[in-house]
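Peer 1: Given these sequences and hints, build the entire structure.
Residue numbers (the working numbering), protein chains in the order written: chain A, 78 to 208; chain B, 21 to 400.
The set of hints was computed from the structure by calculation and includes no laboratory data.
Yeah, the Cβ is synthetic: ideal placement off N, Cα and C, and Gly gets one too.
Heads up, none of these hints are tricks.
Label pairs and their computed distance ranges (CB to CB):
1. B/Tyr122 <-> A/Thr83: 51 to 61 Å
2. B/Arg383 <-> A/Thr83: 43 to 53 Å
3. B/Arg383 <-> A/Glu121: 20 to 30 Å
4. B/Arg96 <-> A/Ser165: 41 to 51 Å
5. A/Thr130 <-> B/Phe210: 56 to 66 Å
6. B/Asp156 <-> A/Asp112: 32 to 42 Å
7. B/His248 <-> A/Ala196: 30 to 40 Å
8. A/Thr187 <-> B/Pro187: 52 to 62 Å
9. B/Arg383 <-> A/Ala157: 31 to 41 Å
10. B/Thr163 <-> A/Gln133: 51 to 61 Å
11. A/Glu121 <-> B/Gly251: 32 to 42 Å
12. B/Pro202 <-> A/Lys80: 45 to 55 Å
13. A/Lys89 <-> B/Ala381: 31 to 41 Å
Over 12 Å on every C-beta distance to chain B, these chain A residues come out as not near it, computed from the model:
14. Lys80
15. Asn84
16. Ser90
17. Glu124
18. Arg127
19. Ala131
20. Tyr148
21. Ile156
22. Tyr174
23. Asp191
24. Ala196
25. Ala201
26. Val203
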Amino acid sequence: MSKTPTNLKYTKSHEWVELLADGTLRAGITDHAQDLLGDMVFVELPEPGRSVTAGQECAVVESVKAASDVYSPVSGEIIAVNEALGGSPDLINKDAYGEGWMMHIKPSSTAELDSLLDANAYAALVAAEAH
Amino acid sequence: MGHRTPLYEAHLAMGAKIVDFGGWDMPLHYGSQIEEHHSVRRAAGMFDVSHMTIVDLEGERVREFLRYLLANNVDRLTQPGDAHGRASVAGGGMPGATKALYTCMLNEKGGVIDDLIVYFNTEQWFRLVVNAATRDKDLAWITHHAAAFAVKVKERDDLAMIAVQGPQARAAVHELIGTAAPQAAALGPFYALHAGELFIACTGYTGEDGYEIMLPATQAAGFWQRLHKAGVRPIGLGARDTLRLEAGMNLYGADMDEGTTPLESALGWTVAWEPASRDFIGRAALEAQRRVGAKFKLVGLVLDDKGVLRNHQKVIVDGREAGEITSGSFSPTLGKAIAFARVPQEAGEHVEVDVRGKLLAVRIVKPPFVRHGKSCIEQK
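Peer 2: So, in structure tokens, the structure goes:
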């Protein structure tokens with residue numbers, strides 16, 4: 078069973094977002110998403126400094142099975158990316174919400190966060206997709 | 021719910037992710053496909069291949085029938101096995117050993133109905149192992165043509181099949197088979213023997229040393245557990261595919277099918293042209309194609325940049341879309357993407373592939389990509 082931590086927000090396209098104490102966000106793909114994709118072999122991350130809008134393609138994860146676009150969960154600016162994924166894309170498989178994080182984002186506003194799914198709603202979405 | 025092999029419960033207990041494969045519920049992986057791949061290259065892994073179809077052919081004219089049915093020539097099989105599991109001295113080879121042959125079964129147009137392995141047990145009893153996804157059409161085709169030769173076609177769904185592959189695979193099996201171990205150890209590639217109720221063949225689909233073992237379905241779960249206790253790791257279909265791709269082995273339905281001939285599928289070596297007097301199904305069409313030359317060839321591709329080659333991506337030759345990837349994946353051993361592609365005969369070493377809208381430069385190489393754990397490809 079894939080994990081869905083309650084302190085995170087989720088998108089319908091299987092990204093997660095964590096609100097950090099300083100008001101910035103960390104984001105990645107969910108445990109459910111990595112489980113569906115299987116072993117990661119390449120990760121393509123955005124350039125830090127790039128502006129993104131919610132729902133915009135900003136990264137690609139490529140597994141043994143398929144390539145999949147990753148969408149920015151909110152609008153804002155990419156302030157850092159997880160360089161460790163270049164050499165160890167499997168961090169996403171091992172720890173999707175921790176060491177497998179992908180992007181650090183400075184959001185334009187925190188209002189967009191409210192429109193994202195909470196853990197219960199995301200778990201329900203995953204359960205519905207399974208049927 | 022699909023068909024289930026006798027090992028289905030064992031797969032679940034070992035944490036398998038189950039997928040549908042040609043109507044069968046089969047393990048895709050047991051956690052990590054890449055780690056499973058490395059285990060086979062470096063140690064030993066076991067595969068449940070019980071979904072494959074085992075067919076026994078019996079009758080006085082079996083050899084004559086197979087000469088006609090198959091594109092390779094069963095007359096290359098001269099050393100019979102022993103039906104009763106007793107050691108027999110035959111053909112000047114090792115006592116009790118029998119020979120196997122890889123071949124295509126063609127339609128009248130030279131298209132590949134299936135690829136299979138044929139085993140010679142006795143002059144009245146040969147065995148075929150054909151693909152799972154092609155079971156129905158294969159049985160129909162074989163049965164249809166067998167009638168004229170009075171050959172009996174018997175599907176052996178009472179048997180299971182387990183492949184054990186990797187540098188330590190044979191030693192692990194030897195621990196389990198008691199007095200048959202020395203005989204098994206002496207088997208060369210494409211030889212097989214009966215050991216009691218086991219049929220042990222020195223064949224595989226990984227490019228590593230190892231066995232494919234047929235055994236009564238009722239014994240499969242016990243044998244699987246004993247292999248596991250001997251340190252052999254279970255391997256899913258995901259790693260099975262990357263292992264066979266690295267080893268340069270075709271997959272039916274992806275790399276060839278009824279619309280392609282062996283000559284367009286890098287399988288020309290499996291066609292026995294001599295003796296010219298042997299009539300086999302598809303021969304006339306194949307000879308016609310050989311005379312004018314096949315327009316397409318199946319080649320290996322290596323992508324030295326980041327990215328993964330995948331089935332059906334287009335191959336660009338001299339700026340023109342001219343070919344297609346038939347099997348593409350990430351090679352865990354090489355750490356880069358590799359593929360088979362069907363391209364025009366005249367394609368040179370350097371071509372491009374359209375990977376998600378980007379044209380990436382790839383090299384055409386001659387498979388295998390990996391053999392016995394080592395790269396066969398020049399590193400760039």
